[in-house]
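Chains A and B supply the protein sequences, listed in that same order. Residue numbering for the first sequence follows the numbering used here, starting at 56 and increasing by one per position. Residue numbering for the second sequence follows the numbering used here, starting at 125 and increasing by one per position.
It is worth saying that the hints were derived from the structure and are not from the lab. Errors might be hidden in some of the hints.
Unchecked claim - List time: in silico BS3-like cross-link candidates among lysine-lysine, alpha-carbon distance up to 30 Å: (1) A:Lys219 x A:Lys178; (2) A:Lys219 x A:Lys193; (3) B:Lys276 x A:Lys178; (4) B:Lys279 x A:Lys178; (5) B:Lys371 x B:Lys492; (6) B:Lys276 x B:Lys492; (7) A:Lys219 x B:Lys458; (8) A:Lys193 x A:Lys178; (9) B:Lys458 x B:Lys279.
As the list claims (entries may be wrong) - For the chain A half of the interface with chain B, some residues (derived, Cβ under 10 Å), not all of them: (10) Leu218; (11) Arg347; (12) Tyr353; (13) Ala361; (14) Ala383; (15) Ser387.
As the list claims (entries may be wrong) - Label pairs and their in silico Cβ distance ranges: (16) B:Glu446 x A:Gly177: 27 to 33 Å; (17) B:Arg326 x A:Thr184: 49 to 55 Å; (18) B:Pro463 x A:Asp280: 32 to 38 Å.
Everything numeric in this text was worked out from a predicted model, so none of it was measured. The beta carbon of each residue, even a glycine, is placed where N, CA and C say it ideally should be.
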Amino acid sequence: MNALIVLRPDATSHHGGDAMLARSTAQALAALGVRATVVESASPDARGYDIVHLIGIFEPETAQRQVAACDRCGARIAISPIWMDLTEVEGLARECERILRTAAFARWARGRLGRARQRGAGKYLGRRTARRLERRSKVQSELLCRADVLVPNGAVEARECALKLGAGAVPFVIAPICAPSHLAVPATGVRHGVLCVGRIETRKNQALLAFALRDDPIDITCVGDPYDPDYFRLCRRWAGKRTRFAGRLPDAAVNELFAGAAVHAMPSWCETAGIASLQGAMAGAQVVVGDRGSEIEYFGDDAEYADPADPESIRAAVLRALRRPPRAPGDSLDRRVRALTWQLAAERTKQAYEIALGSHESRSGR
Amino acid sequence: MTAPALDARGLRLLAIVPPVANRVFGGAAIAARCTARALAEAGAEVSVVTTDRPDARGFDVAHIFGMGDPRVLARQIDACSMARVPVVLSPIWCSWREVSARALRAVDVLRHGRGDRRTYRALERIRSAPLERLLNRSDMAEFDHLEAAQAKLMKAVAVLTPISAAEARDFRYRLGVRDVPFVIVPNGVRGDSVPPWPAQRRGIVCAARIEPGKNQHMLAFALHRDGAEITFAGDVGDEKYLSVVEKWAGSRAEFTGRLELPDLMALLSRAAVHAMPSWADVTSLAHLEAAACGVRLVVGDRGFEWEYLQGDAEYADPGDPEAIRAAVQRALHKPPRQPGDDLDRRIRALTWRSVAEHALRAYAIALKAAARAA
Chain A
56 MNALIVLRPD
66 ATSHHGGDAM
76 LARSTAQALA
86 ALGVRATVVE
96 SASPDARGYD
106 IVHLIGIFEP
116 ETAQRQVAAC
126 DRCGARIAIS
136 PIWMDLTEVE
146 GLARECERIL
156 RTAAFARWAR
166 GRLGRARQRG
176 AGKYLGRRTA
186 RRLERRSKVQ
196 SELLCRADVL
206 VPNGAVEARE
216 CALKLGAGAV
226 PFVIAPICAP
236 SHLAVPATGV
246 RHGVLCVGRI
256 ETRKNQALLA
266 FALRDDPIDI
276 TCVGDPYDPD
286 YFRLCRRWAG
296 KRTRFAGRLP
306 DAAVNELFAG
316 AAVHAMPSWC
326 ETAGIASLQG
336 AMAGAQVVVG
346 DRGSEIEYFG
356 DDAEYADPAD
366 PESIRAAVLR
376 ALRRPPRAPG
386 DSLDRRVRAL
396 TWQLAAERTK
406 QAYEIALGSH
416 ESRSGR
Chain B
125 MTAPALDARG
135 LRLLAIVPPV
145 ANRVFGGAAI
155 AARCTARALA
165 EAGAEVSVVT
175 TDRPDARGFD
185 VAHIFGMGDP
195 RVLARQIDAC
205 SMARVPVVLS
215 PIWCSWREVS
225 ARALRAVDVL
235 RHGRGDRRTY
245 RALERIRSAP
255 LERLLNRSDM
265 AEFDHLEAAQ
275 AKLMKAVAVL
285 TPISAAEARD
295 FRYRLGVRDV
305 PFVIVPNGVR
315 GDSVPPWPAQ
325 RRGIVCAARI
335 EPGKNQHMLA
345 FALHRDGAEI
355 TFAGDVGDEK
365 YLSVVEKWAG
375 SRAEFTGRLE
385 LPDLMALLSR
395 AAVHAMPSWA
405 DVTSLAHLEA
415 AACGVRLVVG
425 DRGFEWEYLQ
435 GDAEYADPGD
445 PEAIRAAVQR
455 ALHKPPRQPG
465 DDLDRRIRAL
475 TWRSVAEHAL
485 RAYAIALKAA
495 ARAA
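From just these sequences and the hints, can you work out the full model?
The following block contains the structure:
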């Protein structure tokens with residue numbers, strides 16, 4: 056079987072979880088006898104391939120062009136949606152940012168954040184943004200309904216794609232996302248402090264994390280590219296004296312930080328699994344994640360969950376995580392994340408390809 | 125390889141089922157009894173009571189199953205608190221707003237409708253309208269009040285045991301229940317009662333109480349032109365509702381009432397498809413047991429079965445007759461399932477022993493918290 060795995064054109068310059076998913080899956084597929092080629096293109100040449108696998112519909116216009124190119128070749132299409140509902144990010148998260156930007160004192164900010172939470176996400180969506188999100192969802196819905204098979208990262212994502220994008224009739228196979236195991240090193244010595252690895256951006260919510268812990272005697276290290284200077288400024292404004300922004304670091308350095316951290320905290324507004332959280336778990340850290348995305352499906356009751364809009368909830372979750380007894384190799388969280396292998400993801404992906412190839416004839420009659 | 129022995133010796137557990145279980149046969153009571161049996165086999169001393177005023181004295185932990193009526197749950201929790209026994213709660217929670225807003229309205233449409241374009245248009249309007257437009261202010265206030273009461277009670281227990289990650293996610297987000305520890309305790313399947321899978325299967329079964337939330341009215345309407353062979357197996361709570369289902373089910377439909385477990389399993393193992401496109405199922409035991417019998421499944425897309433059934437079921441919008449019909453057709457046209465297929469393997473792992481194992485983790489957390497508090 057020949058598969059063409061297609062990433063967005065800037066996947067190398069703007070590295071993200073989608074690129075890791077594509078490359079790791081391709082590598083693991085090879086061991087199952089599937090020749091998988093990874094390309095970064097908006098108009099992939101699918102000639103000669105049995106199936107084209109698109110990774111991510113978070114840039115719907117790009118995905119549309121990719122699908123159109125595949126259609127011209129008559130290729131069968133699998134899509135890993137990596138779909139996240141951005142309503143809260145564009146509504147409540149932006150409002151929280153505005154509050155942190157304009158509040159003179161932490162006490163004021165807390166009060167206003169509390170009132171914003173009461174009002175809910177929808178109240179802060181401007182008409183223009185709401186229309187943009189609606190258009191975006193419509194295109195994403197068309198893309199998913201066009202696919203021969205979907206390869207979501209979890210049941211929560213599959214359900215959301217059915218309920219919010221109307222893709223319930225498209226067959227799907229769940230292929231989990233996994234941590235890059237080559238990065239995990241065994242931890243030695245005493246663990247210490249809180250680590251947050253991820254691009255510094257609204258969705259990952261480092262500003263509220265820094266705000267929540269600013270008065271606590273906890274060392275916090277944020278690792279990641281600050282793509283948005285305004286947001287980065289906001290994070291630094293509210294960070295306490297013991298918070299450090301390390302920028303993007305080489306894998307080996309990040310790996311060392313994972314091995315020494317007591318807690319990996321990333322209270323995101325939306326996430327499928329959160330590869331950094333998986334890495335943190337695999338490296339033996341306690342894990343704090345947001346409660347809006349699919350993280351709960353991956354970490355179950357072995358992580359602490361926080362409301363990303365509530366600094367008190369974030370702080371309480373981090374403190375609970377710090378109070379947890381130290382992790383040990385083979386503990387429940389360790390077993391949970393180690394069960395998520397790229398081999399398993401590849402097996403599921405191959406199964407999805409087989410469904411797509413078998414379903415091609417019937418799809419035309421659908 | 126056999127699993128290591130489960131040791132619950134020394135634990136005195138009171139499993140509590142709400143009194144409604146005496147009238148309405150449901151999954152909560154089955155879960156309570158099967159969990160209790162598995163724990164007793166592991167050496168625990170277990171009593172199962174069906175009451176709103178349990179006497180928890182002398183027990184280490186009380187485990188309440190289900191929280192439909194907050195007043196009943198409040199009495200159960202109060203009684204346990206008076207006896208200073210920590211409470212573990214299996215909420216079996218999902219929102220009933222859509223049942224009230226969409227399912228009941230659709231029942232009205234189908235009671236009077238003739239199945240012509242007007243009927244379809246009316247159903248389409250119900251399906252696409254926002255909930256706030258379908259529920260009036262007093263309905264909304266009632267739901268807000270109910271959910272606030274449920275949230276308050278959930279916050280009053282030591283540990284919550286949702287059936288799935290999605291249920292936990294939902295009650296955290298929708299009800300704001302964030303600070304109570306939780307342990308995901310999956311549903312179990314009565315695997316011992318599953319007969320061998322036959323070579324030939326036919327017809328559609330819907331095994332559930334006949335009630336609007338289970339959506340038999342829409343299933344019957346969705347298939348009314350196909351002359352499908354469909355068997356409805358379940359208690360009838362409301363004769364008026366039954367008449368709507370009968371109106372659209374046609375002469376080939378059969379209503380068996382509630383069946384004893386062996387008869388139900390036999391029925392399921394003869395069927396080609398188990399279709400129950402519910403509006404509000406946390407994780408339906410009927411679907412799981414049907415899956416264990418080798419049946420193809422048609423499931424409502426609002427529930428939390430996704431984690432269990434994954435891509436091995438057909439999902440349908442419970443408000444859309446065309447979607448339900450298409451899902452049933454897809455299920456009927458798929459090749460027959462084989463013993464040991466992916467779904468079968470996943471379902472066979474859902475033993476009551478494994479349920480008991482997860483429940484024991486929850487009890488340990490509750491006991492530790494109680495010891496700290498003391």
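Quick rundown of the hints versus the structure:
1. A:Lys219 x A:Lys178: 19 Å, holds
2. A:Lys219 x A:Lys193: Roughly 10 Å between the alpha carbons, so the hint for Lys219 of chain A and Lys193 of chain A holds.
3. B:Lys276 x A:Lys178: 25 Å, holds
4. B:Lys279 x A:Lys178: 27 Å, holds
5. B:Lys371 x B:Lys492: Given pair Lys371 of chain B, Lys492 of chain B is violated - Cα atoms ~56 Å apart, limit 30 Å.
6. B:Lys276 x B:Lys492: 22 Å, holds
7. A:Lys219 x B:Lys458: 26 Å, holds
8. A:Lys193 x A:Lys178: 21 Å, holds
9. B:Lys458 x B:Lys279: Not OK: Lys458 of chain B and Lys279 of chain B at ~45 Å, beyond 30 Å, violated.
10. Leu218: 6 Å, holds
11. Arg347: 7 Å, holds
12. Tyr353: 8 Å, holds
13. Ala361: Given a least distance of 8 Å, the restraint on Ala361 of chain A holds.
14. Ala383: 16 Å, violated
15. Ser387: 9 Å, holds
16. B:Glu446 x A:Gly177: 27 to 33 Å: 29 Å, holds
17. B:Arg326 x A:Thr184: 49 to 55 Å: This hint holds: roughly 52 Å between Cβ atoms.
18. B:Pro463 x A:Asp280: 32 to 38 Å: 51 Å, violated
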